[in-house]
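Residues in the sequence shown are numbered from 1 upward in steps of one, following the working numbering.
No lab work stands behind these hints: they were computed from the structure. Do not take every clue at face value.
Ranges of calculated distance between the beta carbons of each label pair, as one might list FRET restraints [unchecked claim]:
hint, residue 1, residue 2, range
1, Gly52, Gly72, 29 to 37 Å
2, Glu88, Glu51, 41 to 49 Å
3, Ala8, Ala87, 36 to 44 Å
4, Pro54, Glu28, 17 to 25 Å
5, Ser111, Pro86, 20 to 28 Å
6, Gln125, Leu44, 26 to 34 Å
Using N, Cα and C, we set each Cβ at its ideal position, and we do this for glycine too.
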Amino acid sequence: MQVGVPRATLSTEAIETLLHAAAARARELEIRVHIAVMDAAADLVGFLSCEGAPRIAATTARQKAFTAVNTGMPTEQWKAYVESIPAEEAKIIDRLEGYIAARGGLPVIESGQVLGGIGVSGADQDRDEDVARSAVAALGLPEA
1 MQVGVPRATL STEAIETLLH AAAARARELE IRVHIAVMDA AADLVGFLSC
51 EGAPRIAATT ARQKAFTAVN TGMPTEQWKA YVESIPAEEA KIIDRLEGYI
101 AARGGLPVIE SGQVLGGIGV SGADQDRDED VARSAVAALG LPEA
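Model the full structure from these sequences, guided by the hints.
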């Protein structure tokens, strides 16, 4: 008896590609970051910490990946949305467990379906996002 509905998600090869491409880009930029990869169910399936990355940024990387998967949008867009709504509503969203309004998280989307997401944290948000974009580009998929 089958329970549940199968859903498309990231392959092991895709997870490894995301982690390795992100780490390579971080080395090019000479930054120390944490890289989190989540599947379509927002379960952590890959994590890599560059030596010397700030410890607090590990949680933020997971939150960025979680937000990207669950919203289906780059965290840059989520951040813009949160900043555009009334302050009272933003406070409610701010309390949602696992979500974060900070750049550096991207969903991995193929044929309109969210397969997973990546979150990068440890540098400034511009470079975190650069690393995440490089990783998704390594999969050969269009950006979200």
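The hints, checked one at a time:
1. Gly52 / Gly72: 29 to 37 Å: 33 Å, holds
2. Glu88 / Glu51: 41 to 49 Å: 42 Å, holds
3. Ala8 / Ala87: 36 to 44 Å: 38 Å, holds
4. Pro54 / Glu28: 17 to 25 Å: 19 Å, holds
5. Ser111 / Pro86: 20 to 28 Å: 35 Å, violated
6. Gln125 / Leu44: 26 to 34 Å: Violated: the Cβ-Cβ distance is about 21 Å, outside 26 to 34 Å.
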